[in-house]
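**Student:** Listed below are the residues making up each chain.
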Amino acid sequence: MEHYNMNLTLKIWRQPNTQAAGRFETYPVSNISSEMSFLEMIDVLNEQLIKEGNEPVAFDHDCREGICGMCSMYINGRPHGPWQKNTTCQLHMRAYKDGDTITVEPWRANSFPVIKDLMVDRSAFDRIIQAGGYVSVNTGSAVDANAIPIEKDHADSAFAAAACIGCGACVASCKNSSAMLFVSAKVSHLALLPQGSPERKSRALNMVAQMDKEGFGACTNTGACEAVCPKGISIENIARLNREYMTAGLSAER
Amino acid sequence: MASRAAKERCDAGYGVGTTGQAVYLDFKSNLINKYGRAEANKQGIENPDIDTLIRLGKEVVKEEYGNLFDMYEKITGENPYEVPMRIYPAVHYTMGGLWVDYELMTTVKGLYALGEANFSDHGANRLGASALMQGLADGYFVIPYTIGNYLSDEIATKPIPTDHPAFLEAEKHASERISKLMNIRGNQTVESFHKRLGKIMWDKCGMARSEDGLKEAIRDIQGLQNEFWSDVRIPGVVNGMNPELDKAGRVADFLELGELMCRDALDRAESCGGHFREECQTEEGEALRKDDEYAYVAAWEHQSTGGWALHKEVLQFEIAKPSQRSYK
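Residue numbers (the numbering used here), protein chains in the order written: chain A, 344 to 597; chain B, -12 to 315.
For the record, the hints were derived by calculation from the structure and aren't laboratory data. Think of the CB as a built atom: it goes at the ideal place given N, C-alpha and C, for glycine as much as any other residue. Keep in mind that the hints are not guaranteed to be accurate.
Unchecked claim - Footprint (simulated), chain A over chain B, 3 or more residues, beta carbon under 8 Å:
#1 61 to 68
#2 127 to 136
#3 145 to 156
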């Protein structure tokens, strides 16, 4: 790839805390390398802001290799920016050209309140996981490897669902702020495996109940979630969640 | 050895790419000869041509390492199935951690450290997947049996109030450190200190270390530490989300840990696992161990007066004996 430098105009959402009103601020950045990641570009801006005596832009990040699910920027109207199946940290500046203006916002959803600037509180997802996103296992003794045979296509589908990193792009892109893609990925991942069967029914019921309690909206099968998901989670999982939920509702003994 | 060679070539100015900090890894011969041929054999294809071998090799690599190849393409914009990868070694493990006993309890009574946070499982070098192994082994097989030993003596203990003297002392210590950091109001960013520390560690306490280099590194880090505590700038306020303050606390700790790692590396005048002392190598450039002198775990105890005291935990090998690693 040919390397080039660029000058950009950034319009970034600044909000001091959850209660305060936010606003867009405009910042120029110069000599940005096309080989930088998007977050490295924000790092450059922050160094500049601190040196000028201003507060840096607060944003979530951790692994910076697309697996932790922390980065969460809404870039030019799309979660994680313009590339398909990509997280913000994996977005590189060769996606832009000299003179571009880039607008960066936090995830927008009532269930994800803004903590500061581009950071949002996604603990609603943690509470949904706590409601049922686990399996019962015996600890203390080693289980023989491959003791439970699993069909390859089931294992592959479970793995594809387990690839969800819980970033929340699905919620941010949804006009209803629905968390159905996230919840369905977590339910599918365990429902497809024998290890997940002890809590299979209670899991579907409890996770959906918690999802509703957190205020996430309903699914209207628009598919925006699937289109922006950095891990390519399929909305087939939503269909599976609906089946799991219905079966559990009709047959669970409580 | 391959990593050291890659760094050496780049340092000598032969690196490739915009930064010059990379060497080529050409996967093509592996695609054809390793993965392609094995798959052709498996499928019973006799005398496969090159195109078939490449096609089969790509399928195998996609199944096994596809996610890594995709990550690479996202970073560089180049397709590693078609063009050589640009690679460079990087540090990703300290080969150590908090000291714990056999029950995984640290020197703080009742505080347990599991997984990568402790030193216990992986020896002088980290092997592939040992981080996952350690998390699973400690979590599944050790702690369920050991933590009960501690908890059983605490069963009658009432909740400890937050006005307990130990709590007040810890809170006072933490808030004093925070206000000290905030009141420096210097000119340099936290990030700039982190980068400079990283450069010192990479150059002098990285894949290859020497006595002179380590002594320089200790001096450099002490200088950097003084500069940090007199010239760091942390914007924002204490009572509110402040990622710079968070990072400053970590970098302050890294400065201490960095110096300790250099001291430990200086003390160990042998090569062993991830620790390669330039003075201690065979004629072929492999690690030269000195098991008669250094067959111990170095546990460094923080001293309230500053500095660290060394405790040696002798390693006894009854069945498997340590030996020089060889890929031949």
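**Student:** Now look at each hint and say whether the structure bears it out.
**Tutor:** Tested hints:
Coverage of the region 61 to 68 of chain B by chain A holds. Counting CB-CB distances below 8 Å, 5 residues qualify, and the rule asks for three or more. Residues of the region 127 to 136 of chain B with a Cβ under 8 Å from some Cβ of chain A number 4, which satisfies the need for three, so the listed coverage holds. Counting residues of the region 145 to 156 of chain B whose CB lies closer than 8 Å to any CB of chain A gives 0, which falls below the minimum of 3, so the coverage claim is violated.
Checked against the numbered hints listed earlier, the structure breaks hint 3 alone; every other hint is satisfied.
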